[in-house]
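Chemist: Starting from the structure of chain C, add chain F where the hints point.
For reference, the chains in residue letters:
Protein chains: 2
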Amino acid sequence: MSIWKKDSHIYTELLEVEKHIGKALKSRQSTLTKGVEGLLEAGGKRVRPALVLLSGQFGEYDRKKLMPLAAGVEILHMATLVHDDIIDDADIRRGAPTIQAKWGKDMAVFTGDFLLTRAFSLITQNVELESMHKLSNVLKAICEGEIDQYEARFDLDTSVGDYLKRIARKTALLFTASCRLGAEQSHCTPRNAFNLRHYGQNLGMAFQIKDDLLDFSDDQEVLGKPSLADFANGIFTLPIIYLARKEKYRSKLVDIINSGEFLPEELLNIKNWVHESGAIEYTKALAKRYMDRALNNLSALPPIPARDSMEHLAMELRERDY
Amino acid sequence: MSIWKKDSHIYTELLEVEKHIGKALKSRQSTLTKGVEGLLEAGGKRVRPALVLLSGQFGEYDRKKLMPLAAGVEILHMATLVHDDIIDDADIRRGAPTIQAKWGKDMAVFTGDFLLTRAFSLITQNVELESMHKLSNVLKAICEGEIDQYEARFDLDTSVGDYLKRIARKTALLFTASCRLGAEQSHCTPRNAFNLRHYGQNLGMAFQIKDDLLDFSDDQEVLGKPSLADFANGIFTLPIIYLARKEKYRSKLVDIINSGEFLPEELLNIKNWVHESGAIEYTKALAKRYMDRALNNLSALPPIPARDSMEHLAMELRERDY
Numbered sequence: 010m011s012i013w014k015k016d017s018h019i020y021t022e023l024l025e026v027e028k029h030i031g032k033a034l035k036s037r038q039s040t041l042t043k044g045v046e047g048l049l050e051a052g053g054k055r056v057r058p059a060l061v062l063l064s065g066q067f068g069e070y071d072r073k074k075l076m077p078l079a080a081g082v083e084i085l086h087m088a089t090l091v092h093d094d095i096i097d098d099a100d101i102r103r104g105a106p107t108i109q110a111k112w113g114k115d116m117a118v119f120t121g122d123f124l125l126t127r128a129f130s131l132i133t134q135n136v137e138l139e140s141m142h143k144l145s146n147v148l149k150a151i152c153e154g155e156i157d158q159y160e161a162r163f164d165l166d167t168s169v170g171d172y173l174k175r176i177a178r179k180t181a182l183l184f185t186a187s188c189r190l191g192a193e194q195s196h197c198t199p200r201n202a203f204n205l206r207h208y209g210q211n212l213g214m215a216f217q218i219k220d221d222l223l224d225f226s227d228d229q230e231v232l233g234k235p236s237l238a239d240f241a242n243g244i245f246t247l248p249i250i251y252l253a254r255k256e257k258y259r260s261k262l263v264d265i266i267n268s269g270e271f272l273p274e275e276l277l278n279i280k281n282w283v284h285e286s287g288a289i290e291y292t293k294a295l296a297k298r299y300m301d302r303a304l305n306n307l308s309a310l311p312p313i314p315a316r317d318s319m320e321h322l323a324m325e326l327r328e329r330d331y
Numbered sequence: 010m011s012i013w014k015k016d017s018h019i020y021t022e023l024l025e026v027e028k029h030i031g032k033a034l035k036s037r038q039s040t041l042t043k044g045v046e047g048l049l050e051a052g053g054k055r056v057r058p059a060l061v062l063l064s065g066q067f068g069e070y071d072r073k074k075l076m077p078l079a080a081g082v083e084i085l086h087m088a089t090l091v092h093d094d095i096i097d098d099a100d101i102r103r104g105a106p107t108i109q110a111k112w113g114k115d116m117a118v119f120t121g122d123f124l125l126t127r128a129f130s131l132i133t134q135n136v137e138l139e140s141m142h143k144l145s146n147v148l149k150a151i152c153e154g155e156i157d158q159y160e161a162r163f164d165l166d167t168s169v170g171d172y173l174k175r176i177a178r179k180t181a182l183l184f185t186a187s188c189r190l191g192a193e194q195s196h197c198t199p200r201n202a203f204n205l206r207h208y209g210q211n212l213g214m215a216f217q218i219k220d221d222l223l224d225f226s227d228d229q230e231v232l233g234k235p236s237l238a239d240f241a242n243g244i245f246t247l248p249i250i251y252l253a254r255k256e257k258y259r260s261k262l263v264d265i266i267n268s269g270e271f272l273p274e275e276l277l278n279i280k281n282w283v284h285e286s287g288a289i290e291y292t293k294a295l296a297k298r299y300m301d302r303a304l305n306n307l308s309a310l311p312p313i314p315a316r317d318s319m320e321h322l323a324m325e326l327r328e329r330d331y
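Chains as they are written, first to last, in the working numbering: chain C, 10 to 331; chain F, 10 to 331.
Just so you know, these hints were derived from the structure itself, not from any lab.
Please note: incorrect hints may appear among the correct ones.
[Claimed, not checked] Pairwise CB distance ranges (calculated):
#1 C:SER17 to F:PRO106: 54 to 62 Å
#2 C:ASP171 to F:PHE271: 44 to 52 Å
#3 C:SER260 to F:SER11: 27 to 35 Å
#4 C:GLY47 to F:ARG162: 41 to 49 Å
#5 F:ARG37 to C:LYS35: 32 to 40 Å
#6 F:ALA161 to C:LYS35: 19 to 27 Å
#7 C:PRO106 to F:ALA161: 19 to 27 Å
#8 F:ALA161 to C:GLU137: 40 to 48 Å
#9 F:ARG37 to C:GLU137: 24 to 32 Å
#10 C:SER168 to F:PHE271: 45 to 53 Å
#11 C:LEU165 to F:ARG37: 46 to 54 Å
#12 C:LEU24 to F:LYS297: 52 to 60 Å
#13 F:SER226 to C:LYS35: 38 to 46 Å
#14 C:SER11 to F:ARG162: 34 to 42 Å
[To be verified] Dumping the calculated SDA-like pairs for lysine to any residue here, alpha-carbon to alpha-carbon at most 25 Å:
#15 C:LYS54 to C:LEU138
#16 C:LYS255 to C:ALA161
#17 F:LYS114 to C:PHE163
#18 C:LYS143 to F:LYS74
#19 F:LYS73 to C:GLU139
#20 F:LYS114 to C:SER226
#21 C:LYS32 to C:TYR70
#22 F:LYS35 to C:LEU173
#23 C:LYS74 to C:SER226
#24 C:LYS293 to C:HIS321
#25 F:LYS143 to C:SER140
#26 C:LYS74 to C:THR198
#27 C:LYS143 to F:THR42
#28 C:LYS114 to F:ARG162
#29 F:LYS143 to C:GLU320
#30 F:LYS293 to F:ALA238
#31 C:LYS74 to F:GLN134
#32 C:LYS74 to F:VAL147
#33 C:LYS143 to C:HIS196
#34 C:LYS54 to C:SER226
#35 F:LYS255 to F:GLU285
#36 C:LYS114 to F:LEU237
#37 F:LYS114 to C:ASN242
#38 C:LYS114 to F:GLY269
#39 C:LYS293 to C:GLU320
#40 C:LYS43 to C:LEU24
Note that beta-carbon positions come from the ideal geometry of N, C-alpha and C, so glycine has one too.
Just chain C, with the same shape it has in the complex (with noise of 0.2 Å):
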């Protein structure tokens, strides 16, 4: 949570989150316990929750109803983290050894349902039912997404449409979904709600393409995972769609592919050929685009605390460096 440092309020709104994770989570079987812990202590930004908070600040802030709502989406995206490992066969994240790594996939598979039910217990108990049914949505727009990710590994035509679609379902609209949790609790005027949503979308699509960015960076610590990872497991994101579009590496990308095992020397190669290629800069600047426009939709919204918060969080998703 060192994002939120600079921030008390919000990071003392966090910590309380915490405590609710923590006893949302308890359980008398031990080794889901440990499982669970494992994840806690892992840690994360927390910006979903942090979205719930300050987006119920633009109307009546009702913690008491808002506190469950918080630590439900944290916990719903925890769930989805934990299935994916499963999919990516996945052995570190932040830093820490996944559930399926450490207990195998099997464990890790009741794990995340446990995880899922839990956040739909915190999240039913405080919302209306509209909300609950946009929430359902969303979800099943997450589980569509992932299928649709897993059906289009190692093609290389994937396109950028094809990709932005892939990364709206898969993080932008719990993004938003998080930002209107808070805006209804809150009864907020139509127009905040709008921009506080859109805010969201805007934030996370900036989030996720500089996330998938990362996976180029030399840095495994910056990581908390090896890197290239995703190119390994057949997930294609901006650098290589942009390469493959050049003859002169699509060739190079084929061979690699078709050898059907990834050598370091190779995933080094691609390191290099996206450096070289200008891939990186053509991804920063869509990340840019979103990330204007969700300063845009925050310059929309009253100039309250929390928007300064909001502001503080674009500013620090921006520099995050890759």
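Modeler: Same frame as chain C, now just chain F:
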């Protein structure tokens, strides 16, 4: 749904539930749709939705509210089956290839998640807060139970008590919850609600004990999946627990388990031991005790057609051979 064919009223109602299920599981994602269609075609007894609808007839029958709940519990059940099959590495269920066998564990993870989210969506939109809270606890217990079961694999010291606790979580709880949902919607008397819930609980226990017994059946067709699959996966049920308490058989079981592989002739031996040792009779006797309790609960309910259907269901499950 053949067990319901003689009961035209509930059979018709269950056809309506099928429509609700189909509608809830529509998706633009084509592979997901194929997977889900396969699940629906493979069928199933639809016991849980039947319990919702039948329990709902002991007060005011609110069909409109009960339909989505009935569909929801069946989809929840389907979700647990899909995820179970990942863990069991199962290839066949209800005579059809499992999602994980056909498309891989990865697809099965997210298909199960999709089912979970649709189930929650259907249920939360149609129950009181308190019901939702109880159902969440049921789901929590199911996940914890699955992990317990996973951890207790290949443990010949599993006691009868351990086993009963495990199936209570894994199966009986959802039967109880199905009855409770129906009873609550109908606003029936507390006494009737009590007997309905306990009927569900006892029926669920009897059902699972008999279902586990099927694993020792000769008839793969009856089973819809290969026999002794539980044993091969290290899930030790009553017949094995019974065998393991007799030194003569225990040492042979230890040898087989330690060998690390289960040859067909060894599995055949185990089947024979289960038959010759009295394990089958022991197991059937325990199933009968729960079944008698269930019938007792029924006798305390008013003699309406729904009660006849519930009695009919108990009879069908009792005769289920094994």
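Chemist: For each hint, tell me whether it holds in the structure or not.
Modeler: Status of each hint after checking the structure:
1. C:SER17 to F:PRO106: 54 to 62 Å: Holds, at about 56 Å.
2. C:ASP171 to F:PHE271: 44 to 52 Å: About 45 Å separates the Cβ atoms of ASP171 of chain C and PHE271 of chain F, which means 44 to 52 Å holds.
3. C:SER260 to F:SER11: 27 to 35 Å: Since the Cβ atoms of SER260 of chain C and SER11 of chain F sit about 58 Å apart, the hinted range of 27 to 35 Å is violated.
4. C:GLY47 to F:ARG162: 41 to 49 Å: For GLY47 of chain C and ARG162 of chain F the Cβ distance comes to about 22 Å; the hint is violated.
5. F:ARG37 to C:LYS35: 32 to 40 Å: Because 38 Å falls inside the window, the suggested range holds.
6. F:ALA161 to C:LYS35: 19 to 27 Å: Holds, since ALA161 of chain F and LYS35 of chain C (Cβ atoms, about 21 Å apart) stay within the stated range.
7. C:PRO106 to F:ALA161: 19 to 27 Å: holds, 23 Å
8. F:ALA161 to C:GLU137: 40 to 48 Å: Given about 42 Å between the Cβ atoms, the range holds.
9. F:ARG37 to C:GLU137: 24 to 32 Å: Since ARG37 of chain F and GLU137 of chain C have Cβ atoms about 26 Å apart, the given range 24 to 32 Å holds.
10. C:SER168 to F:PHE271: 45 to 53 Å: holds, 49 Å
11. C:LEU165 to F:ARG37: 46 to 54 Å: Given range 46 to 54 Å: violated, Cβ gap about 24 Å.
12. C:LEU24 to F:LYS297: 52 to 60 Å: holds, 55 Å
13. F:SER226 to C:LYS35: 38 to 46 Å: holds, 40 Å
14. C:SER11 to F:ARG162: 34 to 42 Å: This hint holds: roughly 41 Å between Cβ atoms.
15. C:LYS54 to C:LEU138: It is violated: about 29 Å lies between the C-alpha atoms, which goes past 25 Å.
16. C:LYS255 to C:ALA161: Given pair LYS255 of chain C, ALA161 of chain C holds - Cα atoms ~20 Å apart, limit 25 Å.
17. F:LYS114 to C:PHE163: The given pair, whose Cα atoms are some 18 Å apart, holds under the 25 Å limit.
18. C:LYS143 to F:LYS74: holds, 20 Å
19. F:LYS73 to C:GLU139: OK: LYS73 of chain F and GLU139 of chain C at ~19 Å, within 25 Å.
20. F:LYS114 to C:SER226: violated, 30 Å
21. C:LYS32 to C:TYR70: Cα-Cα ~23 Å, so holds.
22. F:LYS35 to C:LEU173: holds, 23 Å
23. C:LYS74 to C:SER226: With a Cα-Cα distance of about 40 Å, the restraint between LYS74 of chain C and SER226 of chain C is violated, given a limit of 25 Å.
24. C:LYS293 to C:HIS321: Given pair LYS293 of chain C, HIS321 of chain C holds - Cα atoms ~19 Å apart, limit 25 Å.
25. F:LYS143 to C:SER140: holds, 21 Å
26. C:LYS74 to C:THR198: Judged against 25 Å, a Cα distance of about 19 Å means the pair holds.
27. C:LYS143 to F:THR42: holds, 21 Å
28. C:LYS114 to F:ARG162: Holds, at about 15 Å.
29. F:LYS143 to C:GLU320: violated, 40 Å
30. F:LYS293 to F:ALA238: It holds: about 20 Å lies between the C-alpha atoms, which stays within 25 Å.
31. C:LYS74 to F:GLN134: holds, 19 Å
32. C:LYS74 to F:VAL147: holds, 24 Å
33. C:LYS143 to C:HIS196: holds, 17 Å
34. C:LYS54 to C:SER226: Holds, because 19 Å separates the two Cα atoms, which is no more than 25 Å.
35. F:LYS255 to F:GLU285: Between LYS255 of chain F and GLU285 of chain F the Cα gap is close to 12 Å, so the pair holds against 25 Å.
36. C:LYS114 to F:LEU237: holds, 23 Å
37. F:LYS114 to C:ASN242: holds, 15 Å
38. C:LYS114 to F:GLY269: Holds: LYS114 of chain C and GLY269 of chain F sit about 20 Å apart, inside 25 Å.
39. C:LYS293 to C:GLU320: holds, 19 Å
40. C:LYS43 to C:LEU24: holds, 20 Å
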